[in-house]
Amino acid sequence: MSRIGVFICHCGENINGTVDCAKVAEAASRVPGVSHSVDYKYMCSDPGQSMIKEAIKEKKLTGVVVGACSPRMHEPTFRRACAEAGLNPYLCEMANLREHCSWVHEKSEATTRKAVDLIKSMIEKVKLNQPLQPIKVPVTRAALVLGGGIAGIQASLDIANAGHQVIMVEREPSIGGHMSQLSETFPTLDCSQCILTPRMVEVAQHPNITLHTYSELESLEGFIGNFKAKIRNKARCVDEKLCTGCGMCAQKCPTKKISSEFNAGLGMRSAIYVPFPQAVPNKPVIDKDHCTFFQKGKCKVCEKVCPTKAIRYDQEDRIIDVEVGAVVLATGFDVLGTDFFPEYGYGRYKDVINGLQFERLASASGPTLGVIKRPSDGKVPETVVFVACAGSRDPAKGIEYCSKICCMYTAKHAMLYKHKVHEGSAYVFYMDIRAGGKMYDEFVRRAIEEDDVKYVRGRVSRIYEEDGKLVVKGADTLLGHEPLEIRADLVVLATAGVASSGAEELAQKLHVSYDSHHFFAEAHPKLRPVETNTAGIFLAGACQSPRDIPETVSQASGAASKVAGLFSQEELTREPLVAVVNRTAPPLYSTCTGCGLCMPACPYQAIEMEEIRTRDGTVVKVAAKVNPGLCQGCGTCVALCRVKAIDLQGYTNEQIYAELMAL
Amino acid sequence: MLAKMRQKAKDLLSSGVVSTVIGYGEGSGNRVRALFIRKPDDADKLILDERCVQNLAVYLTKREVRALGRPAVVARVPVMRTIQQLMFEKQVAEGEVAVIGISPDSQVLDFPDLKSMAEYVSAIPFELSADEKAAVEKLEKMTAGERWNFWLDVLSGCSKCYACRQSCPLCYCERCTVECNQPQWVSVPSHGLGNLEWHIMRAMHLAGRCVNCGDCFRACPLEIPLNLLTQKIITDIADKFGGADEYALNAFKPDDKEDFIR
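Listed in order, the protein sequences are those of chains A and B.
Numbered by my numbering, the letters in the first sequence go through residues 45 to 707 in order.
Numbered by my numbering, the letters in the second sequence go through residues 87 to 348 in order.
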């Protein structure tokens, strides 16, 4: 006969406010099999836990039901208390009297009745609970970092410096990401490449980091501590071992009129190219879509000029298998190129550019060597208009969220322009100035007060060309909606920051959740910001939402510390709530028919087929077997199995049935 | 063609390739019964006409039949489809069964192995007949209420004799879920709710597997159109999942249609 202890928590007034807790405890005490039933103000408090421990010892309880909050909050607390008192922790269950009852109903008789029902249901379940032992799984102490921007670089360095192996995958030919494209950085105006490139070199030289550039993740299988990844090394058509990075090939390549991705379309590059001079690794790739040899079958100039004979036209993509224990997602973001507002003339007028393009114009390594010249005729602009929120915070035409970095970089752009063109005038059209951050507001004030940037609070309605000038029509809402017309030479749109292309497919590959804008979702917005809902996969940087460099770097270090924490143990302890295929007496051996239809249904590839043999080794049956190390206890196989040969430990068919029948 | 089939059965038995030939024979009262031929001389008892429609693949998974040794089975297209499905579900392996194939125009077919049989039968389109399609459409045109009443009415007579299950070659589980009483999810008595539970469960267990042989309907003593349920599911799967080679219930693709989830 069961001896169940029932403990009803008031949760202050959270539960007791609408549920008569004393009455619930009294009703529970009359359920057959219950030998102890009490209520208390805070069960999770130290005295509350002591009540449970003492009752287990005194009444020799065989199971515990705590009627309190959601098991997501305090299940570990109560299970640990039970374990301390010598009761198997999996013989303790929680009935959610708060979220499922007191918070969602008015104070009434019926609310108390529902609480009694929830308790009764859980009592019947606990009667069938079996003691379970936690599962131990080994940890592979190597991390896979996806993305080689500042987020990936920082996370990789932190993990590598903690003494663990890092495999870094970057889809572009060089690491560096968007930060390598920036001119100066706010709020200190130090050169972006000057602070980034030492980190890039450190990554390349670090003995614990294996770098795969021009590569993409093909697939990821497994679970926390034991992932198996396939990485596709795209063919560079260059033998990296022989290549010295002399740059002769790019210099002599006859196809030179290809729009440069690194210069955001403002410069040109050749078909065989290194994206930028400080690229890591400094090895060129052949852009097959533009290479004359690959398109027309003739040319091979690079092969002829290469002093080390490193060109390999026949190189093929290679798939590399790696085993890792954790994954850091640091795939970054994209700046929207095509504008949401056709009336701004983006794409039609050469002198309407986006923020990233302005960065390239202002950068010393850019197509104009840092002189701000407008793209159409190379003239230094006398008047520049910056439009903030071009797409962001606009649910009607663009996206509803704030891209966060634009207020700051727009102030920076205006300032950089004024520093380079002293007599020029800069206007900023804005909705609000969001400059929260250390030294951020001071930075914007400096732009307005010291550098004489004219801030106009209002939206731009239209931009059109007239006599070689761009006419910007807007309104100044702080001056009584006075219509305003500015004749500008260059217009910079602070277009929205959006999820990186391919983010959705990647999320599906990794089984991580993402939001409606394809940004990866964190496990909890406040308390678990660097974790995903998939254990062992962490987030860093703008792949989660647009963010600036300081925030990205801190998040990357946060993700790295999570990884280092995970790698500090030799074994992981996992909840034993996993699926099990039954075994029965001969001649059945198992009710499993061995149809194997559950195998593809399992999202974790945890099901394999097993031969059941007699003592002399004869195979008597082939049945499914669940690998407890891989199983996540989702229950998909249980639902699919026609014979119900699979059951979920802790949530067995019998337990669920008993719960329902108690109602 | 009858002679050819008998000759083939004789050859298979006398050469020792198989120990049993499962075919059709005369039963009592102008009925056809399944015939298990063990000796070459008995092969002349085999018949083949329009009455021979029972899905003989039902015997292939039976423990008692397996104990007789390697069987050959007389197989029209639905039977061949069943064997193909049984192979997919790892219940029949290459080499375990020989097939005496009968083509839609009643020609005897020779297959060196089950793989070539599967190739042959895959080439024949799997679709409902015009009458069956009309019946499904009629069902689809009903309102939800009408459909509910229709099924309640049709299934009210069911006495849960489980002849539909016994005749179905794909209901090969050694312990059926309805016979599990710990816990007893599906109630035993043949009342309205219990009948619905049983038939919904049966249809769902056949979703994506049913070959539409019609044996469940033929076996039903009350002539309940049970196969209408599975025919509707066959139609839906073809519509929603494009008749994939995989099992519709366990293959997930990101572009699967979700318009039926409301």
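Since the hints were derived computationally from the structure, they do not count as laboratory data.
Quick reminder that beta carbons are idealized off the backbone N, C-alpha and C, glycines included.
Among the hints, erroneous ones may be present.
Listed next, the stretches of chain B that the computed footprint assigns to chain A, with coverage defined by at least 3 CB atoms under 8 Å from CB atoms of chain A [to be verified]:
#1 110-117
#2 173-181
#3 306-312
Taking lysine-lysine pairs in the DSS-like style, the calculated list, with each CA pair at most 27 Å apart, reads [claimed, not checked]:
#4 B:Lys176 x A:Lys688
#5 A:Lys274 x B:Lys339
#6 A:Lys272 x A:Lys300
#7 B:Lys224 x B:Lys148
#8 B:Lys227 x B:Lys148
#9 B:Lys224 x A:Lys688
#10 A:Lys344 x A:Lys332
#11 A:Lys688 x B:Lys148
#12 B:Lys148 x A:Lys665
#13 A:Lys669 x B:Lys148
#14 A:Lys553 x B:Lys326
#15 B:Lys246 x A:Lys665
#16 B:Lys339 x B:Lys176
#17 A:Lys423 x A:Lys517
#18 B:Lys339 x A:Lys669
#19 A:Lys417 x A:Lys353
#20 A:Lys688 x B:Lys201
#21 B:Lys318 x B:Lys224
#22 B:Lys339 x A:Lys272
#23 A:Lys103 x A:Lys171
#24 B:Lys339 x A:Lys340
#25 A:Lys669 x B:Lys176
#26 B:Lys318 x A:Lys665
#27 A:Lys171 x A:Lys274
#28 A:Lys300 x A:Lys340
#29 A:Lys462 x A:Lys517
#30 A:Lys482 x A:Lys570
#31 A:Lys553 x B:Lys90
#32 B:Lys339 x A:Lys278
#33 A:Lys272 x A:Lys180
#34 A:Lys296 x A:Lys348
Covered by chain B, per the in silico footprint, the following chain A stretches (three or more residues, Cβ under 8 Å) [unchecked claim]:
#35 92-104
#36 301-314
Quick rundown of the hints versus the structure:
1. For a cut-off of 8 Å, the count of residues in the stretch 110-117 of chain B with a CB near a CB of chain A stands at 0, and the three-residue condition is violated.
2. Note: the stretch 173-181 of chain B has 3 residues with beta-carbon separation from chain A under 8 Å; the three-residue rule is met and the coverage holds.
3. With 0 residues carrying a beta carbon less than 8 Å from a beta carbon of chain A, the stretch 306-312 of chain B misses the three-residue requirement, and the given coverage is violated.
4. Our distance criterion of 27 Å between C-alpha atoms is met by Lys176 (chain B) and Lys688 (chain A), whose separation comes to about 18 Å.
5. Taken as a hint, the Lys274 (chain A) and Lys339 (chain B) pair is honoured in the structure, with Cα atoms around 20 Å apart against an allowance of 27 Å.
6. The suggested pairing of Lys272 (chain A) with Lys300 (chain A) is violated, with an alpha-carbon distance near 41 Å, which exceeds 27 Å.
7. The suggested pairing of Lys224 (chain B) with Lys148 (chain B) is violated, with an alpha-carbon distance near 37 Å, which exceeds 27 Å.
8. Our distance criterion of 27 Å between C-alpha atoms is broken by Lys227 (chain B) and Lys148 (chain B), whose separation comes to about 40 Å.
9. Annotation: proposed proximity of Lys224 (chain B) to Lys688 (chain A) is violated, straight-line Cα distance about 34 Å (limit 27 Å).
10. Distance check on the hinted pair: Lys344 (chain A) and Lys332 (chain A) sit about 12 Å apart at the alpha-carbon level, within 27 Å; holds.
11. Of the pairs offered as hints, the one joining Lys688 (chain A) and Lys148 (chain B) holds, with about 20 Å between alpha carbons and a cut-off of 27 Å not exceeded.
12. Between Lys148 (chain B) and Lys665 (chain A), the direct Cα distance comes to roughly 14 Å. Compliance with the 27 Å bound is thereby established for this hinted pair.
13. A hinted pair counts as satisfied when its Cα atoms are at most 27 Å apart, and Lys669 (chain A) with Lys148 (chain B) qualifies at roughly 24 Å.
14. A threshold of 27 Å between alpha carbons decides the hint, and for Lys553 (chain A) with Lys326 (chain B) the separation of about 23 Å falls inside it, so the pair holds.
15. The suggested pairing of Lys246 (chain B) with Lys665 (chain A) is violated, with an alpha-carbon distance near 30 Å, which exceeds 27 Å.
16. Note on Lys339 (chain B) and Lys176 (chain B): the hinted pairing holds, with a Cα-Cα distance of about 23 Å set against a maximum of 27 Å.
17. At roughly 22 Å between alpha-carbon atoms, Lys423 (chain A) and Lys517 (chain A) fall within 27 Å of each other, so this suggested pair holds.
18. At roughly 24 Å between alpha-carbon atoms, Lys339 (chain B) and Lys669 (chain A) fall within 27 Å of each other, so this suggested pair holds.
19. Distance restraint check for Lys417 (chain A) and Lys353 (chain A): the Cα-Cα separation of roughly 40 Å exceeds the 27 Å cut-off, and the hinted pair is therefore not satisfied.
20. Simply put, Lys688 (chain A) and Lys201 (chain B) have alpha-carbon atoms about 31 Å apart, too far for the 27 Å limit, and the pair is violated.
21. In summary, the hint linking Lys318 (chain B) to Lys224 (chain B) is supported, as the alpha carbons are separated by about 11 Å, within the 27 Å threshold.
22. Restraint check: the Cα-Cα separation between Lys339 (chain B) and Lys272 (chain A) comes to about 21 Å, which is no more than 27 Å; the hinted pair holds.
23. A C-alpha spacing of about 16 Å is found between Lys103 (chain A) and Lys171 (chain A), which places the hinted pair at or below 27 Å, so the restraint holds.
24. Only pairs whose Cα atoms come within 27 Å are accepted, and Lys339 (chain B) paired with Lys340 (chain A) is rejected, the gap being roughly 38 Å.
25. The suggested pairing of Lys669 (chain A) with Lys176 (chain B) holds, with an alpha-carbon distance near 15 Å, which does not exceed 27 Å.
26. A distance of roughly 35 Å separates the Cα atoms of Lys318 (chain B) and Lys665 (chain A); the hinted pair therefore is violated under the 27 Å criterion.
27. A hinted pair counts as satisfied when its Cα atoms are at most 27 Å apart, and Lys171 (chain A) with Lys274 (chain A) does not qualify at roughly 46 Å.
28. Annotation: proposed proximity of Lys300 (chain A) to Lys340 (chain A) holds, straight-line Cα distance about 16 Å (limit 27 Å).
29. Only pairs whose Cα atoms come within 27 Å are accepted, and Lys462 (chain A) paired with Lys517 (chain A) is accepted, the gap being roughly 22 Å.
30. Taking the CA atoms of Lys482 (chain A) and Lys570 (chain A), the gap is about 21 Å. The hint holds against a cut of 27 Å.
31. For the hint pairing Lys553 (chain A) with Lys90 (chain B), the CA-to-CA distance comes to about 55 Å; that exceeds 27 Å, so the pair is violated.
32. Restraint check for Lys339 (chain B) and Lys278 (chain A): satisfied, since their Cα atoms lie roughly 26 Å apart, inside the 27 Å limit.
33. A hinted pair counts as satisfied when its Cα atoms are at most 27 Å apart, and Lys272 (chain A) with Lys180 (chain A) qualifies at roughly 18 Å.
34. With a C-alpha separation of about 10 Å, the suggested pairing of Lys296 (chain A) with Lys348 (chain A) holds against the 27 Å cut-off.
35. Interface restraint, the stretch 92-104 of chain A with chain B: violated (0 residues with C-beta to C-beta distance below 8 Å; minimum three).
36. Interface restraint, the stretch 301-314 of chain A with chain B: violated (0 residues with C-beta to C-beta distance below 8 Å; minimum three).
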